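Please build the complete structure, drawing on both the sequences and the hints.
Protein chains: 2
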Amino acid sequence: MRQATTKNPASKPQKNPVAPRARITRIPATELFPVIEQGLWPAKATEGESFPVRATVFREGHDALGVEAVLIDPEGKEHMRAYMQDVAPGLDRYEAWLMPDRPGDWKFRVDTWSNPYATWSHDATIKIAADTDVELMLEEGARLMERAAAGKPLPAGSRKQKAPSKEDQAVLLEAAALMRDKESSPQTRLSAGLSSQVRSIFRHSPLRELWTRTKTFPIKVDRKKALYSSWYEIFPRSYGAHRDDEGNWISGTLSEAAKQLPRISQMGFDVIYLTPIHPIGFTFRKGRNNTLEAGPMDPGSPYGIGSDAGGHDAIHPDLGTFDDFDAFVAQAREHDMEVALDLALQCSPDHPWVKDHPEWFTTRADGSIAYAENPPKKYQDIYPLNFDNDPEGIYQAVKDVVLKWIEHGVTIFRVDNPHTKPLSFWQRFLADINQTNPEVIFLAEAFTRPAMMRTLGAIGFHQSYTYFAWRTEKDELLDYFKEVATETAHLMRPNFWPTTHDILTPQMTTGGPAIFALRAVLAATASPSWGIYSGYEFVENVQRPGFEEQIDNEKYEYRPRNWEQANQFGLEHLLTLLNSARDRHPAFQQLHRIQVHETSDPRLLCFSKHVPAKFSPTGEDDTVIVVANLDPHNEVIGSATLDLSKLGATVAHGSMGSRINLVDELDGQEYQWGEHNYVRLNPYERVAHVFSVRSTEK
Amino acid sequence: MRQATTKNPASKPQKNPVAPRARITRIPATELFPVIEQGLWPAKATEGESFPVRATVFREGHDALGVEAVLIDPEGKEHMRAYMQDVAPGLDRYEAWLMPDRPGDWKFRVDTWSNPYATWSHDATIKIAADTDVELMLEEGARLMERAAAGKPLPAGSRKQKAPSKEDQAVLLEAAALMRDKESSPQTRLSAGLSSQVRSIFRHSPLRELWTRTKTFPIKVDRKKALYSSWYEIFPRSYGAHRDDEGNWISGTLSEAAKQLPRISQMGFDVIYLTPIHPIGFTFRKGRNNTLEAGPMDPGSPYGIGSDAGGHDAIHPDLGTFDDFDAFVAQAREHDMEVALDLALQCSPDHPWVKDHPEWFTTRADGSIAYAENPPKKYQDIYPLNFDNDPEGIYQAVKDVVLKWIEHGVTIFRVDNPHTKPLSFWQRFLADINQTNPEVIFLAEAFTRPAMMRTLGAIGFHQSYTYFAWRTEKDELLDYFKEVATETAHLMRPNFWPTTHDILTPQMTTGGPAIFALRAVLAATASPSWGIYSGYEFVENVQRPGFEEQIDNEKYEYRPRNWEQANQFGLEHLLTLLNSARDRHPAFQQLHRIQVHETSDPRLLCFSKHVPAKFSPTGEDDTVIVVANLDPHNEVIGSATLDLSKLGATVAHGSMGSRINLVDELDGQEYQWGEHNYVRLNPYERVAHVFSVRSTEK
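Chains as they are written, first to last, in the working numbering: chain A, 83 to 780; chain B, 83 to 780.
Errors might be hidden in some of the hints.
One copy or any two copies: either way a pair holds, since identical chains are not told apart in the list.
Unchecked claim - Below are the DSS-like pairs computed for lysine-lysine, each with C-alpha atoms no more than 25 Å apart in a straight line:
| id | residue 1 | residue 2 |
| --- | --- | --- |
| 1 | K297 | K159 |
| 2 | K486 | K97 |
| 3 | K97 | K189 |
| 4 | K97 | K481 |
| 5 | K556 | K486 |
Since the hints were made in silico from the structure, they are not lab data.
Note that this is a predicted model, so its numbers are computed, not measured.
Laid out in C-alpha cells, this is it:
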C-alpha cells in the first residue's frame, strides 16, 4: 500500500487523481442557483425579466475576492456580467441579477478571482495609518497599478486579460508615479492609489488574478407572454345559444363568440381561452349537473371529446367551420389577443381513435376498453389513452393534432390534467413543439401535489395553474405569494385564477361582489399571469351541492349571458382598471421582487413589488403597493407599516419624516405615505388600494 | 417556423429533442440526496454505518408505484436494495437507509417502477366489496399472478426480470387457480390473491413494470475510525520535562511520552495526537505566553517549524530519533491506539525550504520574504507557503513529507489551519494520498465560517473540528447536535473537543470540575468522534488575559504534569467510563439517528441515539439516552419527557403505562422510565445520566 518517496519531486509530476469535472476551482463557487436536477434541466427565465443567480463563494486566508455572475446568450456570447454581493454575511452567499433580452437556450456561470487591488487597499490603509511598512506598501501599490495597466495578473501564466483603455492606463501609471513620489506625505501618496478614478477603473476593468469559472448551467428563456398574460376563458357554444320557438336549444357559435372579443379586449385581457371545441361523444354522455343520463337536448361535456364528426383535430359542427375558427383567431389578433385552446388528451367512446387505434387504450381481461376509474368511481364517458401502448403512435398523433391547431393560429394550449399522463411524454413533446414553434406556450392544469406541479413546470410547461384559489387567509396568501415569486420561480410560472369552470371555493359563495372584486385584485396584482372564467362579472357563486364548482355548470349545458349587463356589479370596470394598471406598471409584469409589509389587522394584507430602473423597460424604477381588506363584509380600519428600506422606491426625507407619493390606480386619488399609515377599506366602497409610487423628483 | 403535419406518423419516428441524460424517467425520481455539487463530489459514508437516501418520487394518475434505493459496491455489484418509504405524505418525499460494509468508492441510485400488484390489490378490494366488475377483477388478478410467476412485466419489451423461485411460482399459480374457481365466493377468491404468502412474494420479488433507474451518484466510504474515534492530544516535550540542578529546562522526549500510553489507553482513547514534533526555528521565536522576545530557555512554539536541524520531515533533536518515534508508534499500537501527527504547513524563517526554495514563499517589493500578517497584526516567526508559486514543487514536497510519516506508521494527520491553503490543493492531495493509502485519515482544524468548513469535508477531509466548544446553551447545543447528525453528515464528520491548546472558552473558566465533566459527557455522547487535550484531567481553566486560551500555554513552554494525581477531580475515572460506554454501545459510534426530548428546565438537556438491529454490529437494537444538567453550580430538579415512539427502543406496555428499563452507564444504577420522568442532577454528585436501554424481553 505504500509508495516510495520521490527524491526529486519536481522532475516527476504526479497524475492528478481528481477527475477534471470534479475538481474544485482555485477560488470555489459552490451550491449554484438556479440549477435543476444537477443542471440537466434548464431553469426558467423570461425575456426582459431579471432573475437572481446565487452561489456560495469563499477562499483560503484573508485576501479579497471578486465574484461575477455571467449570462451567456444562445449563440454562446457573453451577454451580461454582474458583480455578485454577499447577501448573507457569515454564510458567504453571493447574489446578482441577470436579464436575458430574448427567448432561447441561455446559460449562466459564476466567475471567481482574487482581487489584489481590494487586498492592497485594505492592507495599505491600515498599515500606513499605523506607520508600518509605508514605503513597501506604496511600492507594492505602484507595481499593482503597473500590472493593472498592462493587464498582467499574477501568477505568470494566468488567464490573459484585456489591458485597460489608453486613458485608463494613463490614470493608473500616473497613480503609480504619485505613489512613488517621496516628496509627498504617505497619506497623499496612498490617496493616489485610492482615488475614485482609480477605484472606478478597478471596478470596470478589474485585475482578475487566479481567475476561474464554474461550469455553465442552462436557462430556458421564454417570450414575455409566458410570464405576463391576462386570460379570459369562454365556452364558445354559450355565445349566441338560445332556444328556438319550440324550446329546443340552438348552440352558440365561434362567430357569435367572436362578437364579444372587443368587450373582452377592452377589459385588457390578452389571451382568449376556449374550452374544447371538438365534436362531443354520445355514449355515456353526461347530462345537466353531471347526471349520468343526458337528455336529448343536453350538449354534453366538451371534455368528452370525439364522435363520428371527428376527434381532437375537428371542430364541433354546431360551433362552425375551420373558416369560422380562422376568422375568430384573426379577430382576436386584431384586438391584440392570442387564442388559447384546451388540450384534453382523452377520448369519448365515440372518438375515431377508439375504432382506428384500439391499441392506444387499455384492453381489459374481457376484451372491453377500459374507461376512466378511481375506484369505486367510474367515468364511463371517458377512455384514457394508455401512453405505454404504442407510445410512438400516440406521440405522433398528438403532435399532428397540436401542429394542426398551430397552423390555424393557436399559440397557446391550456393542457387539461397533464398530471395524468407520463411526464416523459410531456418533456419530449414540449421540447419537440418548441423546437419548431418556440412561440407556443403551454399552461399546465395540474391541481395536484407540489412535486408533480413543480416538475411539470421544470420539464417544459410554460405556465401553471396554482393553489391560489385555496389560499384565503392573510398569512397563507402572503406565504404563497412569496413562495411562487422566490422559491419556485425557476421551476414554474404561476397563473392565478379566482375561479374556473371546475373551481368555486366556499369563500366565493358568500361575500357577494366584494369577494369577487377582492380575489380579482389579488390575482391580478400578485401574479404576472392571471385569468378569469367568463361570467365572473355576474358574481356566479352558487355551488352544485356537495361539489366545489358552479351549479348548472357550463360544462354540461349552454349558459348564454346578457353581456350588456356585465358591469352591473362594477366588476367589468374593476377588471379593466386592474389590467390597465398591469399594463402601465412593469412591477406587475414580473414575478420576482415581492415584499411583504406589516399591518395592524389580520384582515389587512399589504405587499409591494418593484422593478429597479436597470431592469425596467421604461428605464425608470417602478414600485407598486397593494393594500387589501380580506373581509368582504366589514369595513376595516387599521394601519400598514411600510418597510421603506425594502420598498425599492425613492423616498423623500423631510421634516415630516420619510414620505412617498402614491396614486391609487383604481380611482386616481393621491396619497402621501410614510412608515406608518392609516388604512380604511370598506368592501362596499373599495376592497383594496392598488398604489403606484410616483417619482418624488418629477 | 411551422412544420407540415405528418400524414402517416407511425412510419416517421421523430428525433427525440431531449438529450438522453436530461430525459425524465417514466416514473420520476428527482431531488436525490445525498448529492454534492451535482454529484461531482462524493457524499460521505462510513463502513458499518447506515445512511439515509432520499428522493422525491411521484407518477401520473392513480396507479401504485415502487421505489427502491440501491447501493452499489466498488466493484459495481448491487450490494443492497431497500424499499423507500414516503416520509412526508403530500410532499412525495421517500427515504430508505443503506449501509456499506467496507471502505471504497461506492455509488447509489434510485429505482422506480409501476407496482401492478399494489394497484390491483387496492382496486380489487374496493370493487369486489362493492360487487362491481367481480369476475373481471378476479380474472385480471389471476393473470397478474401468472405474469409474476413468469417474471413478465408489461408492456412487452420491458426490462427483463428474474422469475421467482419454483416454490414461489407454485404459490402464485395456485392463487391464480383459486381466483378462477367460480365455486368459491368472490371474497374467498379475492383472499387467495391477497394472502400473506402472495404478498410476501410480491414484496421480495416484485413484478416491476415500467422499471427505470436514476443515474448513480458517488459515495466515498471510509473506514470506521474516520467516524468513531477518541482522541487524546499531547505535547510530547512536556513528558519528562524537568529543570536540571541549575534550573535549566530539560526537554521531555517521545520515549517519556510513550510511558503514559498505557494510562491513556486505559481511559479508552484510541488516537494519540502529537502536536508538531519537528525542529523549531529561532528567528523571531515566541517566548512564554506568546511574548515577542523568547528567553534563552524558551523552547518556542512547535508550530514555528524548521531549523538547521530540519523541517517537516525531521524530528526535533530534543524529542529523540526516528527509532524513538517508531518505538512510540509500536507501543501505541500495542495499546490499540493509532498515532495522529500534526500537519502545519508553514515555516519558520529558519526552515530549510526557505533557503532551498525561496520561490515557494511570497517575495515582497523589497526582496524580503513575506511573513504571516493580518494587518495590523504581524507573525514574523512564520512564513506562509505561497501555493500559487511553483504549485507542483510544493505539492510534491508536502506529499514526500506525509508519505515519510506514513512510512513511519502515522495513520492520521491533524491538519492545522487547512482553510488558509487552497482547497484545490487539498482536494488533489487527499485523493492522491488515499489512492495509495486509503487507511490514512485527515482531520481538518478549520475554525472558520460554515461554507469553508463543510467544503473542506466535502472535498476529502475525513473529520472536522466543529463549533461544539462555543455551543453552551440548551437550544444551541441540541440544534447543533441535530445539524451535524442530519444536515451536514454527508459533508463532514464532526469531532467534538471541549478544549484544545488553542481554545479555552469563557464557560470553562468557571464551574470547576463540574463543567469539565459536563462538557466531556456532551462531547463523548453527542459525537462519535471526540477528543481532549492532555491536562483536561486537572481542570486547567485559567485564561491568558484577553485571550480564549490557557495561560502559560504549552505552545510556548514545557508543562510537565503529575499524572499520578490525574484522577484528583475524578475526571480520569469519568473519561474511562465514557469511553467504555461508547465502546459497548453502537448507538454512540454512529452519527445519524439522534432524537431530542423535552425537559421542564432550560438547564436540563435530553437526547437519545439509536441503532436498529438491522444495522447494528451486535444484531440487536441499541438505544442510549443522555440527560444532562448544564448548570455546573446548582442542582436542578425537573422532568424529562421521552417521545417513546421516536426512541427506537422496545417499550413494555403494562398497567403502569409504557416503561423502559435503563441502566446508567456512569454508575451502574438501574431505572425504570416512562413518558414523564423525574430528574435530579446535582453537579457535585453527577452532571448527567448516560443511560442505555435494556432489552425488556431478556
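Quick rundown of the hints versus the structure:
no. : hint         : verdict
1   : K297 to K159 : within (15 Å within a copy, 31 Å between copies)
2   : K486 to K97  : between (58 Å within a copy, 19 Å between copies)
3   : K97 to K189  : between (32 Å within a copy, 24 Å between copies)
4   : K97 to K481  : between (51 Å within a copy, 13 Å between copies)
5   : K556 to K486 : neither (45 Å within a copy, 67 Å between copies)
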